[in-house]
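**Q** The primary structure of each chain is shown beneath.
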Amino acid sequence: MPSISREKGAALFAGTARRTAIGAAILIVLANLLYVFVFASNGEPYQVSRSLGGGRVMKAIEVNTQTTAAITSDSRLMLIDSQGAVREQKLEGTVSDLALSADRSKIYVGTSDRKVFGFDLSLEELASFNVNGRVIGLDSAVNGEIAIAYGIGQYTDRFWVGLFDESGEARYKTKIGFDVNAVAAGTQGVYFGTADSKVGYLSPAGEELWRTNLIQPITRLSLSGSEELLAGDERGHVSLVSAKGKVLWINKLSEYPITLVAEADETGHILAGDKDGKLFVLDAEGYVLYDAQVSAGAINSLIGFASEEILLLTDQGKTVTVSLGSALDARRMFYIQTALIVTNALLTLTAIGALVWSVASWRAAVIRFGRRLKRSKSAYLLLLPSIILILIFNIAPTLMAVFYSFTNFSLKEPLKVNGLDNFIALWSDRFFWIGIWNMFLILVTSIIKEVTMPLLVAELIFWLRSSRLKYVLRTAYVVPSIVPGVVGILLWKMMYEPETGMINQFLSAIGLDSWKRAWLGEESIALWSIIMAGFPFVSIFAFLIYFGGLIGISRDIYDSSSIDGIGTWGRFWKIDLPMIRPQIRLILFFTFIGSIQGFANIFLFTRGGPGTSTYVPGLQMYNQISNANFGYASAIGFVLAIFVLAGSILNLRYSKQEGVE
Amino acid sequence: MPGKINAREIVSYSLLLVILILSFVPIIMMLSMSLRDSLMIYGDFWGMPWPPKISNYSFALIDLMAPILRTLYLCVVSIVGIMLFATLSGYAFARLKFVGRNMMFWIIVMLMTVPGVLLLTPNFVLADWLHLKNSLEGLAVFYIGGGQLFAIFLLRTFFTSQPEEMFEAARVEGASEFRCVWSIALPLARPILITIAIMNFLSIYNDLIWPMLMISTPNLQTISMALANYAPDAGNSIGKISRPDLGIITSGYVFASIPLLLMFMVGMRYFIEGLTSGSIKA
Numbered sequence: 001m002p003s004i005s006r007e008k009g010a011a012l013f014a015g016t017a018r019r020t021a022i023g024a025a026i027l028i029v030l031a032n033l034l035y036v037f038v039f040a041s042n043g044e045p046y047q048v049s050r051s052l053g054g055g056r057v058m059k060a061i062e063v064n065t066q067t068t069a070a071i072t073s074d075s076r077l078m079l080i081d082s083q084g085a086v087r088e089q090k091l092e093g094t095v096s097d098l099a100l101s102a103d104r105s106k107i108y109v110g111t112s113d114r115k116v117f118g119f120d121l122s123l124e125e126l127a128s129f130n131v132n133g134r135v136i137g138l139d140s141a142v143n144g145e146i147a148i149a150y151g152i153g154q155y156t157d158r159f160w161v162g163l164f165d166e167s168g169e170a171r172y173k174t175k176i177g178f179d180v181n182a183v184a185a186g187t188q189g190v191y192f193g194t195a196d197s198k199v200g201y202l203s204p205a206g207e208e209l210w211r212t213n214l215i216q217p218i219t220r221l222s223l224s225g226s227e228e229l230l231a232g233d234e235r236g237h238v239s240l241v242s243a244k245g246k247v248l249w250i251n252k253l254s255e256y257p258i259t260l261v262a263e264a265d266e267t268g269h270i271l272a273g274d275k276d277g278k279l280f281v282l283d284a285e286g287y288v289l290y291d292a293q294v295s296a297g298a299i300n301s302l303i304g305f306a307s308e309e310i311l312l313l314t315d316q317g318k319t320v321t322v323s324l325g326s327a328l329d330a331r332r333m334f335y336i337q338t339a340l341i342v343t344n345a346l347l348t349l350t351a352i353g354a355l356v357w358s359v360a361s362w363r364a365a366v367i368r369f370g371r372r373l374k375r376s377k378s379a380y381l382l383l384l385p386s387i388i389l390i391l392i393f394n395i396a397p398t399l400m401a402v403f404y405s406f407t408n409f410s411l412k413e414p415l416k417v418n419g420l421d422n423f424i425a426l427w428s429d430r431f432f433w434i435g436i437w438n439m440f441l442i443l444v445t446s447i448i449k450e451v452t453m454p455l456l457v458a459e460l461i462f463w464l465r466s467s468r469l470k471y472v473l474r475t476a477y478v479v480p481s482i483v484p485g486v487v488g489i490l491l492w493k494m495m496y497e498p499e500t501g502m503i504n505q506f507l508s509a510i511g512l513d514s515w516k517r518a519w520l521g522e523e524s525i526a527l528w529s530i531i532m533a534g535f536p537f538v539s540i541f542a543f544l545i546y547f548g549g550l551i552g553i554s555r556d557i558y559d560s561s562s563i564d565g566i567g568t569w570g571r572f573w574k575i576d577l578p579m580i581r582p583q584i585r586l587i588l589f590f591t592f593i594g595s596i597q598g599f600a601n602i603f604l605f606t607r608g609g610p611g612t613s614t615y616v617p618g619l620q621m622y623n624q625i626s627n628a629n630f631g632y633a634s635a636i637g638f639v640l641a642i643f644v645l646a647g648s649i650l651n652l653r654y655s656k657q658e659g660v661e
Numbered sequence: 001m002p003g004k005i006n007a008r009e010i011v012s013y014s015l016l017l018v019i020l021i022l023s024f025v026p027i028i029m030m031l032s033m034s035l036r037d038s039l040m041i042y043g044d045f046w047g048m049p050w051p052p053k054i055s056n057y058s059f060a061l062i063d064l065m066a067p068i069l070r071t072l073y074l075c076v077v078s079i080v081g082i083m084l085f086a087t088l089s090g091y092a093f094a095r096l097k098f099v100g101r102n103m104m105f106w107i108i109v110m111l112m113t114v115p116g117v118l119l120l121t122p123n124f125v126l127a128d129w130l131h132l133k134n135s136l137e138g139l140a141v142f143y144i145g146g147g148q149l150f151a152i153f154l155l156r157t158f159f160t161s162q163p164e165e166m167f168e169a170a171r172v173e174g175a176s177e178f179r180c181v182w183s184i185a186l187p188l189a190r191p192i193l194i195t196i197a198i199m200n201f202l203s204i205y206n207d208l209i210w211p212m213l214m215i216s217t218p219n220l221q222t223i224s225m226a227l228a229n230y231a232p233d234a235g236n237s238i239g240k241i242s243r244p245d246l247g248i249i250t251s252g253y254v255f256a257s258i259p260l261l262l263m264f265m266v267g268m269r270y271f272i273e274g275l276t277s278g279s280i281k282a
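Protein chains in written order, with UniProt numbering: chain B, 1 to 661; chain W, 1 to 282.
Bound-form chain W, shown alone:
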């Protein structure tokens, strides 16, 4: 009996290992290429990245630092905006009684079912009318507007689950509603706010289509746009047909992954716990 279980475990481990390695193939390829000279890659694909060619990274850094910083700025502005306004509203929906509360919340839930694909065209027209095109702030305004619904929904659910007495006590002490939000609701909501921040960071950092429609100036490109067009030339050094420099390109890919890596290191715990807590049952 125990021997049989062991055999099964061996199968499990080897299967998991094989799948894991296969999942890592593109990443390993990226890391290996990023340390090699492009001409060597063209010559012998399977060569080892030794000695490592670090200069690839300095080239990619020059090209992609600006788009990365720009995209981080975009993410920070958007996420702060989403969280700020959604916290105020989520708190109001959960803790305050006002005329039209149920109807307004119902409208928000209904709007959440409107698919994004429907809004692409009108948003493009709207951006033109509001003169939001070709600016990072304009892009951020759309992300803040679009991010409201889900964030409000999550925050309302969260605040509803918190005990009312805490807020009541603060109000008895003479705290204003803004004070209640700032000093009690916000610190309490930290886990859910981090979840919202991570979700929005992932979607904004990875977004390609909407920035492509909004931004036309090369020096306002987000990192996704910059990567999609990134093809530094490797051919000139040998004076033949020009070919993209795979070494520099993959170094650029590695750079673009660093912000997500950092975010995962900080927020991984919340991210995994949020998804595996079993509370998600749509």
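If we strip away everything but chain B, and leave its shape as in the complex, we get:
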């Protein structure tokens, strides 16, 4: 009785469900139409121009609306307009920074051979003077003076910030006590940033008023309109510090050094760029409102404002025109798009759900599935620990390995997908090919070792007539394997020792001194010594597997064969060998995988030496892991894994063929 009413209710519900499905479909169409017509996208908020001047641009400043002054890494000072370089001047020494005087009539350039030059706007040299150290940075103060940071050496205490007039007369020189990386002149005093992650402030009299700790070595300083200090650092942090030296906020934008940080407009928006060519727009509280990978080189200079747009320059000499308004819109667009996708997904699910529910047989299937799921509960409970372990320790690392192979993952630089770079590098890596060749030799010899001696011993023992001796010998052959693997290898290493090793001692004892060698110390024989270690190669695993195979051969076959008068040799070739083919294939398979992956023995014997004579790819991978080159190490692992998988597939194919026979 209840089932009838349930059916009825379900039927009633089916109508509602169908209507829901149609309703959801209509809503999807409406939502997307609304998006297309109301919020239609209007392109990227930035544009990149072609490269203006040659050379790497280190810094540029807008001189007036038409022209920009720039210095390049090949020590040229250039004036650039929208067409390219108008004028240029080659300077002696390496230029390090430039500044424009407050009245925009002079350009100052500092060099690392302790000189500061003054130029007029036609790049005629006006004056030059020396400071007591290479110039790190300079910035012009309001009253026409120049703040200069300079110093001697690296990580020394001989660094100063000084305030000079045009002729090089110093108002003050203040010793900072550690490498200065950047300097910025405010309306009153001068700010500086150091290599030990500090920023500080000097009063107009040159006294240090405060010094504050930030996180990483400072790369860039700039002042906001309200005289607050913006600082960028080596590891992508941007910080805002008040005029009193209080850290207002720190935000990590990037893994790369910050190459530009500057205020973008009066409302306090901040522009930042990193060495990787990424552009950021922050609000006054340091939150990222917009970011984009511009990919035109490191963004390092803000060269001008034009109506709604901001002009930036990269070290490739390309200008990037950023429209702040549409950049801020882009943030909103992102939210709208996300909302749209979520809405679409929810509506689509509703539509599908309602549609399924509206068809009686589908509905029944869903209900049945739900019941099965409920009944599976205790099974899932039993499986839960294994599932978690397998997810974390099998599935995750497999995916990570494949992903890392295509990245530059290391502790030296930020993670980046670099396509096939690792594999291309491997292809031309001499060590890798040496390793592959050695691996090949080890593989071939291991196969020979694993197939001959254990099989011989298994055959000999199997055909003994005394079953008691059979048992005794079988057990005796297993005994040597109680020695741990590491000990077995170390014992052989001991035997190979040139002075005290058993092999050379033995050669002496039988009068063959001329045969003595440094078995592991000579490039030409080291690999063969490693291969010969373990003589006479009765691998216990292979031996027992073969022995088991021989036991499994039916007596009838032998009975009929002995009537036919078949000899020992014929019996081996015609019966034993074909009958234990699956066991041989199994051993071949394990030997194959083991030889490609294993390198613990080589690690213990020679660590790849002498020279590279015993190098194998597995060892190379281990070394790369130890050096934290995880991307490259993964690529080596990936290549080896492909070898192993190829072996597995071959094995599977042959085992299927045998199954058919």
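I should point out that these hints are in silico values taken from the structure, not numbers from a laboratory. All values reported here derive from a predicted model rather than from experimental measurement. The beta carbon of each residue, even a glycine, is placed where N, CA and C say it ideally should be. Hints are not guaranteed to be accurate.
[Stated by the list, open to error] Restraint-style ranges between C-beta atoms, simulated for each label pair:
1. V80(W) to D564(B): 47 to 57 Å
2. D513(B) to E273(W): 42 to 52 Å
3. R430(B) to N229(W): 26 to 36 Å
4. K246(B) to T113(W): 58 to 68 Å
5. I447(B) to D128(W): 31 to 41 Å
6. S655(B) to L84(W): 30 to 40 Å
7. S55(W) to A628(B): 38 to 48 Å
8. V18(W) to D513(B): 20 to 30 Å
9. S203(B) to S135(W): 36 to 46 Å
10. L15(W) to I447(B): 20 to 30 Å
11. L346(B) to M110(W): 49 to 59 Å
12. L15(W) to I510(B): 18 to 28 Å
[Said to hold, decoys possible] Each computed DMTMM-like pair below joins lysine to aspartate or glutamate, with the alpha-carbon atoms no more than 20 Å apart:
13. K470(B) to E9(W)
14. K412(B) to D128(W)
15. K115(B) to E125(B)
16. K318(B) to D513(B)
17. K470(B) to E459(B)
18. K198(B) to D157(B)
19. K470(B) to E273(W)
20. K90(B) to E124(B)
21. K90(B) to D120(B)
22. K412(B) to E255(B)
23. K516(B) to D44(W)
24. K198(B) to E208(B)
Go by the hints and put chain W onto chain B.
**A** What follows is chain W alone, placed relative to chain B:
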């Protein structure tokens, strides 16, 4: 005719004996050296270990007892973990019907083909993220995780071959699934569990590369790591160039072999039967 067979047997026996002796050469060398004074070995390599110098063993015992016990602890924790979780899963795969059973088992079989060499790098990174480096328990967690696949595979195969009626009867009596696993499945699975335990013991006890990547503190070294760096000095007593004390080193090797010897004495039967039963035909 019979005479000919005898001749063949003689050849067989002598060949087997020669190969056997050759296989034992390193072990004999180890035992002999471990009972001699290192300076005597340097002086006359072929001398007899008489009178035996037992003090070598007490030196090696002091140095290597801790790593051996540590490694045994690591093995026990790992093996118990592997067997516990894999038994639950193997039972579920073999005896329970649930949504996604075939797909999940297929995934496990596929994962078994992923070569270990591929996982070395990501596991190293993973260990760093999960703060599992430089701890024995962290090492054990990786062995438990890595050991799941094969153990589940073996246990499922085993449980599938057991008669269903037994479990059905227990369920009729009102036993829970956990109770079924604990009271019926586990005792039945003893031989296969011993095989799994032996296999994992051998691989964990002998593992060198992974512990070397994971462990950096000397007082957390496993026995393989400790042996690889084991070089007590023999030179100081004669005040000349320092040379490793071969006597103490080889005594250490003998000590390190004792756990495997014990394990073989207990489990040898299962090990040999498991491999020779002829059931292995991959």
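**Q** Look at each hint and say if it fits the structure.
**A** Now for the hints, and whether the structure bears them out:
1. V80(W) and D564(B) have their C-beta atoms about 55 Å apart, which keeps the hinted 47 to 57 Å range intact.
2. Between D513(B) and E273(W) the Cβ separation comes to about 49 Å, which falls inside the hinted range of 42 to 52 Å.
3. For R430(B) paired with N229(W), a C-beta distance near 30 Å keeps the hint of 26 to 36 Å intact.
4. For the pair K246(B) and T113(W), the beta carbons lie near 59 Å from each other, so the given range of 58 to 68 Å is met.
5. Taking the beta carbon of each, I447(B) and D128(W) are about 37 Å apart, inside 31 to 41 Å as hinted.
6. Taken as a hint, the range 30 to 40 Å holds for the pair S655(B) and L84(W), whose Cβ atoms sit roughly 32 Å apart.
7. Checking the proposed 38 to 48 Å range against S55(W) and A628(B) shows it holds: the Cβ atoms sit about 44 Å from each other.
8. Range check, V18(W) to D513(B): Cβ separation about 26 Å, and the 20 to 30 Å hint holds.
9. Checked against the hint of 36 to 46 Å, the C-beta distance between S203(B) and S135(W) comes to roughly 53 Å, which is inconsistent with it.
10. Between L15(W) and I447(B) the beta carbons are some 22 Å apart, a value that agrees with the proposed interval 20 to 30 Å.
11. Range check, L346(B) to M110(W): Cβ separation about 34 Å, and the 49 to 59 Å hint is violated.
12. For L15(W) and I510(B), the Cβ-Cβ distance of about 22 Å falls inside the hinted range of 18 to 28 Å, so the restraint holds.
13. This hinted pair checks out: K470(B) and E9(W) have alpha carbons roughly 12 Å apart, not beyond 20 Å.
14. The suggested pairing of K412(B) with D128(W) holds, with an alpha-carbon distance near 16 Å, which does not exceed 20 Å.
15. Restraint check for K115(B) and E125(B): the C-alpha separation of about 13 Å stays at or below 20 Å, so the hint holds.
16. For the given pair, K318(B) sits about 74 Å from D513(B) by alpha-carbon distance, which is inconsistent with the 20 Å threshold.
17. About 11 Å separates the Cα atoms of K470(B) and E459(B), which keeps this hinted pair within 20 Å; it holds.
18. A threshold of 20 Å between alpha carbons decides the hint, and for K198(B) with D157(B) the separation of about 14 Å falls inside it, so the pair holds.
19. At most 20 Å may separate the alpha-carbon atoms for a hinted pair to count; K470(B) and E273(W) meet this at roughly 15 Å.
20. Of the supplied pair hints, the one linking K90(B) and E124(B) holds, its CA atoms being roughly 12 Å apart against a limit of 20 Å.
21. With a C-alpha separation of about 15 Å, the suggested pairing of K90(B) with D120(B) holds against the 20 Å cut-off.
22. Annotation: proposed proximity of K412(B) to E255(B) holds, straight-line Cα distance about 11 Å (limit 20 Å).
23. Restraint check: the Cα-Cα separation between K516(B) and D44(W) comes to about 17 Å, which is no more than 20 Å; the hinted pair holds.
24. Restraint check for K198(B) and E208(B): satisfied, since their Cα atoms lie roughly 13 Å apart, inside the 20 Å limit.
This entry does not satisfy hints 9, 11 and 16, going by the numbered hints stated previously.
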